[in-house]
Structures are given as structure tokens and as C-alpha cells.
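Chemist: We have chain Z; now place chain W onto it with these hints.
Here the protein sequences line up with chains Z and W, keeping their order. Under our numbering, the final residue of the first sequence carries the number 762; numbering is consecutive throughout. Under our numbering, the final residue of the second sequence carries the number 123; numbering is consecutive throughout.
By construction, these hints were calculated from the structure, which means they are not laboratory data. Glycine included, C-beta positions come from ideal geometry on N, C-alpha and C. Please note that the accuracy of each hint is not assured.
[Stated by the list, open to error] A few chain W residues facing chain Z, derived, Cβ under 8 Å: (1) L46; (2) I113; (3) L115; (4) Q120; (5) L121.
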Amino acid sequence: MDVLLTIGSAAGDGLALGITEGGSWLLRNVWLIPLLPALSFIGILFFGKKMPRGGSELGIAAVGIAFVLALLTGIAWIDHRDNFHGGEVHVAVVQVDDHGVAHGDDHGAGHEPGHPSLAVHRTATWFQTNGVEFTVGTLVDGLAVMMLLVVTLVSLLVHVYSTDYVHGDRRYTHFFAFLSLFSASMLLLVVSENTLQLLCAWELVGVCSFALIGHWWEEKPNSDAALKAFLTNRVGDMGLLVGVTVLFFAAGSALPDRFGSFSIAETNALANSGALSHTTLVVAASCLMAAVMSKSGQFFLHTWLPDAMAGPTPVSALIHAATMVVAGVFMIARMYGVFFEGFQIGGSSINLMAFIGGLTTIVGALLAFVQRDIKKVLAYSTISQLGYMVLALGVGAWTAAVFHLFTHAFFKACLFLGSGSVSHAVHSFDMKSDMGGLRKDMPHTYRTFMIGTVALAGLPPLAGFWSKDEILVGTGGWGLMGGTGGNGAYTLMLGMGMLTAALTAAYMTRCVYLTFFGEFRGHGEPHESGPRITGPLWILAGLAIVAGFFNMPKGFQLAPGSLQERFGHFVEPVAGYFPAISHATPSWSLAIVSTLVVIGGIAASGWYYFIKVEAASKAVGTSLTELPDGPTTKYPLARMGHTLLSNKYYLDHFYNGVVADGTKGPLARMANRINQDVIDRTVDVVGETAVKAGTVVYEKIDQLVVDGAVNASGRGSSSAGEELRKINSGKVQSYAAILFAAATVLAGILIVLV
Amino acid sequence: MLLNQFLILSAVLFSIGVYGVLARRNGVLVLMSIELILNAVNINLVAFGAFRASVSGEVFALFVIAVAAAEVGVGLAMVLLLYRNRRSIDLTLIDQLRG
Chain Z
9 MDVLLTIGSA
19 AGDGLALGIT
29 EGGSWLLRNV
39 WLIPLLPALS
49 FIGILFFGKK
59 MPRGGSELGI
69 AAVGIAFVLA
79 LLTGIAWIDH
89 RDNFHGGEVH
99 VAVVQVDDHG
109 VAHGDDHGAG
119 HEPGHPSLAV
129 HRTATWFQTN
139 GVEFTVGTLV
149 DGLAVMMLLV
159 VTLVSLLVHV
169 YSTDYVHGDR
179 RYTHFFAFLS
189 LFSASMLLLV
199 VSENTLQLLC
209 AWELVGVCSF
219 ALIGHWWEEK
229 PNSDAALKAF
239 LTNRVGDMGL
249 LVGVTVLFFA
259 AGSALPDRFG
269 SFSIAETNAL
279 ANSGALSHTT
289 LVVAASCLMA
299 AVMSKSGQFF
309 LHTWLPDAMA
319 GPTPVSALIH
329 AATMVVAGVF
339 MIARMYGVFF
349 EGFQIGGSSI
359 NLMAFIGGLT
369 TIVGALLAFV
379 QRDIKKVLAY
389 STISQLGYMV
399 LALGVGAWTA
409 AVFHLFTHAF
419 FKACLFLGSG
429 SVSHAVHSFD
439 MKSDMGGLRK
449 DMPHTYRTFM
459 IGTVALAGLP
469 PLAGFWSKDE
479 ILVGTGGWGL
489 MGGTGGNGAY
499 TLMLGMGMLT
509 AALTAAYMTR
519 CVYLTFFGEF
529 RGHGEPHESG
539 PRITGPLWIL
549 AGLAIVAGFF
559 NMPKGFQLAP
569 GSLQERFGHF
579 VEPVAGYFPA
589 ISHATPSWSL
599 AIVSTLVVIG
609 GIAASGWYYF
619 IKVEAASKAV
629 GTSLTELPDG
639 PTTKYPLARM
649 GHTLLSNKYY
659 LDHFYNGVVA
669 DGTKGPLARM
679 ANRINQDVID
689 RTVDVVGETA
699 VKAGTVVYEK
709 IDQLVVDGAV
719 NASGRGSSSA
729 GEELRKINSG
739 KVQSYAAILF
749 AAATVLAGIL
759 IVLV
Chain W
25 MLLNQFLILS
35 AVLFSIGVYG
45 VLARRNGVLV
55 LMSIELILNA
65 VNINLVAFGA
75 FRASVSGEVF
85 ALFVIAVAAA
95 EVGVGLAMVL
105 LLYRNRRSID
115 LTLIDQLRG
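One chain only, chain Z, in its complex shape (with noise of 0.2 Å):
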């Protein structure tokens, strides 16, 4: 009796794998959008040189066609979500019956009228090997366009306003180069159909990442933080690269007839079907962890996402903020069967990636508050909401994860935008030094800055309050008041999504009073920057205020029905290679706990800023940064506390002091001995014994016998040669003589023998 497979129709089709491989034009070409920026990046970097603006042109045509490409998708895939009824894929698995003898489904893979919702599924050959074919392809879901869509728009943005603020650098072809191969890569990576697929595109944004931090080499902390980034994400990538075998020899011991697979849909699909052993998912999911933990900026290994500010601001906007580090994100939801069961996140109240997600949202959002630089504290709010998106599908709210990570790239992408263009009219990134009473001066980033702040911190009616609330409610850990439905009961992780709210909200109030607010403390007179910077700005600004319209929770009284969870319906999965996660039920209560969280955080900031710190400046006469006897130097707690943060935690002396240091000092010492004592010694013991026995053999066996005996056969055959030539007389008669007498003896034999 089988007793596997309850997802796949009853009479054993196989199992259903939720895709397809009918669909639009659009939809089954998709692999054209991250075609063009590759090809982008060729032509900048042969041609970019002899162009009028220096390859800047070919860039942004390329990506403004790959936009227009990827919204035409997105209308496409609204088209089919719900109207497309072709043939769903079905593949053999392996079933176990009850004896535990495990045998292949002989109904094989075919095609049965689908359900909507299928993802477009298209492969093509890579190479083969051995018999194992690997494809190469893109699988085209509701996630795949909103990430196509967020990484056109953002990188086109991007490009547009790093033609301002880059311009006149001295590798300004290079860069747009490798911004174009960065979203090449990066669009790559989103509609990968394959999971080695996505680990070349996930090593390729690495290397872009690598590059673009390290745009200006010249400076040592340039070229060291672009190391750290790219060493710190190699450790990660070791958990991706074990995971991804691990998956694909798992999936090929499920599948009759197949040595492994790649495929996403297949190992989702397996996973939820139940076909993989708990222990397999628990291990690819933990090192596929790993992964998300480097790339994403998870702590403990989030110290390289503040370095890697050391490049060019439109970078950290497009790959440090928006894109490339949601890379994580993106893929615990591309994998989500995996992690679901792996983690077992349905009816627990805490796991791993849940953990590890809450803990770094306020591990990041602490750190914010102690930074001068502008952009590291928004690269620790990075941290922070990124930590968010990953509590979030620990939890099992996926489509609020996805959610979030869709709208903190628009505010994200503004809000960094905003420092690098007041960074631009001070020539500095320092907020206590150098900023101070800029909103009379740069009115338009200003403004910008704030509705990116407010979405940030996540009050209603902007973008960051919807995804944000969304989390809340799908911790589930609000049966008290009312949300309930969700996968478990997350209470400690509904506790530190609210504490990381109130933090949130008032590190950004600091962040805003140092730069716009108080008296301007730099030099020179700063200046609004020019319509191609702030016409970027102003539009992820609007993105910011109605992006969170999209997914209006269902029930939401204040909107019309057809207008909620639009963002859900078109993007959450509902097919095979997804998990059957439940919904959390939205609350009121929750919504306005939240906001009230929300703002206690800005009005605690804003009273030590607005009014504490305001009042003490007009005190002295100059523009104060902190109270001269603020916490820090009443309390010793707090000091002590301070000292902590500014250190961020010590862990980038723990990595370099013990990790790095430790391994260096003992392991080379040890490594040296191994070397000289054993390694050198085996050589030269060896060396020696070979040349004794070298001389041994020479003497005895060369010199004796082989030579011997060569010298005997040349002996031999000269004497015997000398006792021949005598019959080679030259007298025809002798050699008739001795032709007859040879004839004479053949005769004789014959004669005797017949």
C-alpha cells in the first residue's frame, strides 16, 4: 500500500509539481530580460569608452528595456494567474510502501489539465555528463516578476542617478559596466529555474558586490572592506554549495530512474510531498541557512553589510540595500518546501531561521543608534529589516516576508539615495561632523528622506507599516487579541518585532535630527543636488507612500474587496513546489499596538533630540549632537552599553583577534612543523633512500647485468659474423655449391621424412 503522495491525484499520476510548460510569449521568454543588461555589460566594457557619455547610455537603455520587458511580464503573469488552464508537469517518484521497499511510480511524467496558478517553466540543455543532464532555464512565478519588477525599476533608478553622482569619475565606465552586470546577475538569480543555476548567478552578484565595493581601490579601507564582504560571503556560500548537493542527491534518490536533481520545483514539490527524510531537509536547510546568514547580513555574520558602505552610494542603494542582500530572503522563499519542513515551521513556536531573524533585527537596530555615519546606520537598519524578512518566513508568513522585501526596496533604495545625494552637497558622510539643518538647503531630499523615514519606521498609511503589520500578525503570537490562523505560535518573535519597531522608529528620528534638523555644523555652502538625483528620489519616494496598498490585509474595512491581498494573490504560490502554509487572520488590536509602539519610539527619540538636545544647543550657541551629560555619561549601564554598541559587539575583534589570529598564529606554527618535521623529513628520507638505491642498482644490476648482457650479444654476433662473411666469398661457384648442397640436404629430409 502506498502510503506517500496525497498531494498527486488519486489513480498515482505522479507528483504534481505546480508548473507548466504552456504560457504567454512573455512568460516563457523571460530569460530576455537578463539577457539585455549582460549584453549591456560586453558592450561597456569593449565599446564604453568611445561613447558620448561613456557607457552610461547603453546601460540604462538596456535596463529601461529590461524594466519595460518585466512590467509587460507582470501583466502577463496577472493574465495567467488566474485565467491560464494548460497541462500541469507531473514526474515519477520513488514510493515506499509499507514494507519499506521503495519502488518507482511507473506512471511517469506527463501532462494533466492544471489548475491556475502554474509557474511557466522553460528549460534548455546546459551540458551533459555521465548520463545526468543539466538544465538551464527560468521558472516564472509570482515571486520571479516582483523580483524582476523591484530590480528593473531599482537598478534603472540607480542608473539614472549615478550618471549625476559618479560623474566624472575616473572609472566611470567600469562602473556602469559592472552595475549592468550586477543586474544581469542579479535578474539571473531571480528567475533561476535550477539551484545551480542560482548558485552561479548567487556567485555572480558576490563578485559584482566584490567589485563595486571596491570601486575606489585606491583607498585601503576600500579595497579591505570589498574583501570582507566577498571572504565573509565564501563562508556562507560553502553551506549554499553543501545544501545544493545535499538537495540533489536527495531528490535523485526519490526520483526512479534520475541520478539527482536541480530542479527547484522537483526538490520543493519532494519536500512537501514528504519523499525526503526529515534529517536530509534539516541538514540542506541548515547549510542553505548558512548562505542566507552571509548574504543577507544575518548576525553573526552580517559585520561585512556596514563595510561594504565603503562604496559608491548608488551601489549600497542598489546591491546593499535593495537587491543583492535580499538575495537570502529570495531564496528561502524560492526553496520555501525545503525550509517549511526542514525547519518544521507549521504548529511549532520557534526555530532556527526564526531565531536568527529576530535576533539580528534588534541586534541591527541597536547598532544603529551609535553610528555617525549616515550610511552605516541605514546599512544596520539594512541589517535589521532584512532580519525582519527572515523572522518573517521563520515564522511561515511568507507572503509577508516577500511583501516586506518588496516595499523596504523602494523606501530602502530612497533612503539611501537621500544620504548619497547629502553626502553629495557636504563631500561627507559624517552626521555629527559635517551635516545638520539640511532641510533648508535640500528641500526636495528632505522631504524624500522623510516619507522614506516614516515608511521606514512603519506608520500608516505608508508602505513599511503594511508589510511590517503583516509580519506582526503572521507570528501568530497574538491569539490573546484576537489574530490567530497563523503556523504557530511565534509570541517571543512578536516581541521582538515590536521592540525592533520602537528601535527603528527612533534610531530614523536621531538619523534625521543629526542631518536635517539643529544648525549646520560642516563646511561650505551645500546645495540641492540636480534633477537626476532627486527625479530617482522622488519617484521611490511615491513608491514608498502606495506600495503598501498593494497587499491591504482581507477584511480591511476600509478597503474595497477586490482591492486586499492583491499582492498575495499574485505572488504567493499556490501549487506543488510550495507548502500548504495557513494565513493569520489580521487584528485591529494588533495594527494599533503596533503604530502606538511605533511612535513611543519617535517621541522618546524626539523628546532627547527635538527637545533635549535643541534646548542645550541654544544654550551653548552651537549645534550639540548629544546631551554633554546625556545617559551615557550618568548611567554606567548605559555607558557601558555604549561602549558595547560602538564596538559592534566585538565581533569584528572576536573574528579577527581569535577567529582570524587564531587560526593564523597556532594553526601556521603547527602547519610549520607538520611541514619541516614530517613533511620535509618523509622527502628526505625518501630522496636519500632513492639515491642509495640508485647507486645500487647502477653497480650491480646496469653496470653487470644489463650491460653484461648487451656486451655479450655484440661479442657474440661480431665473431659469429666473422666466421659468416668467410661463406661471402663472391665466387659464384661456392655459392652454387652451397645452394646445391642445401638442396641436397632439403632433399635428403624430404626423402626421410615422407
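Modeler: Below, chain W alone, put in the same frame as chain Z:
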């Protein structure tokens, strides 16, 4: 039919020819001795052909005679050249091809 007599005649002729080839020093005589050997063979062929009532023997003999004529022509030409160059046709003096 008396095959024996022909075979004995042939063997005698052959032996005389071998003796001539091995013992005579005159090149012309050696050639003539070769002719004797060949004709001994011819006698054998014709005798066996008649014995077996087959014309093959006679045909082979005719071929041998034709080839022998050519061989003698070449051989005599060589002897003539030898004589012109060395003023002698003594075969024991001609040993330039020894190793």
C-alpha cells in the same frame, strides 16, 4: 612405358650439369652446364607428361626452352662483357661481390 629410363637419363644429365657448374672455371662452359640441368628437367617434364597422357609436360618444356634461350642470351652477353673488361672469363677470378 619405360619411365625409369628417362628418369635415369635425366638424373645423369642433371648430375653432369651440376658437376659442370661447380667444377668448370670457364664461364661459357658453366652456362652450357646450366643448359644441361635445364634439359634434364625438360626430359623429366616430357617423360611425365607422356606417362600421364597429358600435354602439360610438353607445354612446360616448351616454356623452359624459351626461357633458357633468353637466359643464355643474357648469360653470354655478360660473359662477353667480362671478357672485354678483364680479358678473361675465368669465374674464380671474379669475386668483387664478396662481403
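Chemist: Does each hint fit the structure? Answer for all of them.
Modeler: Right, here's what the structure says about each hint:
no., hint, result
1, L46, "holds (5 Å)"
2, I113, "violated (12 Å)"
3, L115, "holds (5 Å)"
4, Q120, "holds (6 Å)"
5, L121, "holds (5 Å)"
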